[in-house]
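Chemist: Given next are the chains, with one letter for each unit.
There are 2 protein chains.
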Amino acid sequence: MNRYSIFRHITEKEFEEMKVCLSGEQKHFRKNDIIMRHTDDNSSIGIVNKGIAFLLSISENGETGIIDYYEKGAVFGKLFSPDCDVNLYYIQAAENCEITFFSYDRLMNCCEDECAKHKKVLNNIVMDSLRKSLMHIDILSCRSIRGKLSTYIRYIRQQKDSDEFEIPVSLSDLADYLSVDRSAMMRELRKMKDENLISAKGSRITIIDL
Amino acid sequence: MNRYSIFRHITEKEFEEMKVCLSGEQKHFRKNDIIMRHTDDNSSIGIVNKGIAFLLSISENGETGIIDYYEKGAVFGKLFSPDCDVNLYYIQAAENCEITFFSYDRLMNCCEDECAKHKKVLNNIVMDSLRKSLMHIDILSCRSIRGKLSTYIRYIRQQKDSDEFEIPVSLSDLADYLSVDRSAMMRELRKMKDENLISAKGSRITIIDL
DNA sequence: ATACATTCGTTGCAATTGCAACAGACAATT
DNA sequence: AATTGTCTGTTGCAATTGCAACGAATGTAT
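Same order as they appear, the protein sequences are chains A and B.
Going by this note's numbering, the first sequence opens with residue 445, and the numbers climb by one from there.
Going by this note's numbering, the second sequence opens with residue 445, and the numbers climb by one from there.
Any given hint could be a false lead.
Since the list gives no way to pick one copy over another, a pair counts as held whenever it fits inside one copy or between any two copies.
Stated by the list, open to error - Straight line, CA to CA, 20 Å or less: simulated DMTMM-like cross-link-like pairs of lysine to aspartate or glutamate:
id, residue 1, residue 2
1, Lys604, Glu542
2, Lys561, Asp549
3, Lys604, Glu504
4, Lys604, Asp529
By construction, these hints were calculated from the structure, which means they are not laboratory data.
Sequences and hints are given; from them, build the entire structure.
Modeler: This is how it looks when you write it as structure tokens:
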């Protein structure tokens, strides 16, 4: 169990027991399919097995933006998002996806041991959401594109534990996630290459000296 | 219990019972005092009785920013924040404050009824954090100062349920929270007044037509 | 009462950014 | 094989924004 798994702090034995709870329904989605809408009564939970999914928000004035993305192993669901009074939220497939769905009740109430391990998993999921939100705020708080880019890259380095990695989304989508103009971001990316801070080929980044 | 109280969904009877748990230590802080540091072993929780407190972050390169602010009734604590690997976080008094501290254990384990109401309160607190984070992301995602300002103002209108209200922090601190230059924000604020979208005197805002 | 610090409000100027538009690379579909 | 669509990469130009600086107003400490 790596430190970002929702099953961290769960023993092997507990995990084996919980596998029963997780035998949910598997579904496939094609790129751009809508996987889930955050409607009021929605109590289902999705885990990404393959592909990448976006959490998108539509604001009052109709603008959409990428709030978060879910890679393999990540969990999403309205239950782990706050009430969305102002914006509409939904989950969309960034590429072809395989998702396992199960109900909140099933995860929480299927075995006898109601409190201990289920509470841990729930806590892990919620804390993951919080951590990713704070990370996003930290990135968006940077005043310049340079700042946003390098803060993002530093987070990914920490996550992948390597100075060389593939950005999990397209550069167009990254610009959306960073809330900057794509062409302006490309310009800044090139400047950073010119200054020998990073090297980059498409979405493959190597950190030289940030 | 209003909808933003951490005691929402708790009955009057349950609330009376829980008051016992909440008889924590009261402390006063003066403006700019540091109320709490988010160190690893910190398991105490604070509730704001009077004043306003900031959640501040210090990034790797030493820049600080206002991530969140806590008004009367709001709860803060490292336990409700994710692990802070990259940035340092701390709570600071934005003005003179009165804070009640108690331990996580005390809130969760002081009476017999361990699961039901305590779980609800914990859930409320965590969901508040998440909701405020998503709100902040939504605001910071706007590309222009105008967008950030009007999105922020719309959220406050919803919160205060009125078209006329006082912004709870100084305009300087608001600029920090919105991650924009203060003078540029003032300029935009004046433009919005000139265009008759809002009227504003200091931090007292009246929405005319957003 | 006086000195000091903070916030508010404003402006000129330089730098950054967004917008629009275009071409090439690549993949998927027909 | 041709077509369609998406993504990458680039540029000129206009608009926005940040920076630096200043004075006025307000509040706080001595």
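Chemist: Now tell me, hint by hint, if it's right for this structure.
Modeler: Outcome of the hint check:
no.	hint	verdict
1	Lys604 with Glu542	neither (22 Å within a copy, 42 Å between copies)
2	Lys561 with Asp549	both (14 Å within a copy, 19 Å between copies)
3	Lys604 with Glu504	between (36 Å within a copy, 18 Å between copies)
4	Lys604 with Asp529	between (35 Å within a copy, 14 Å between copies)
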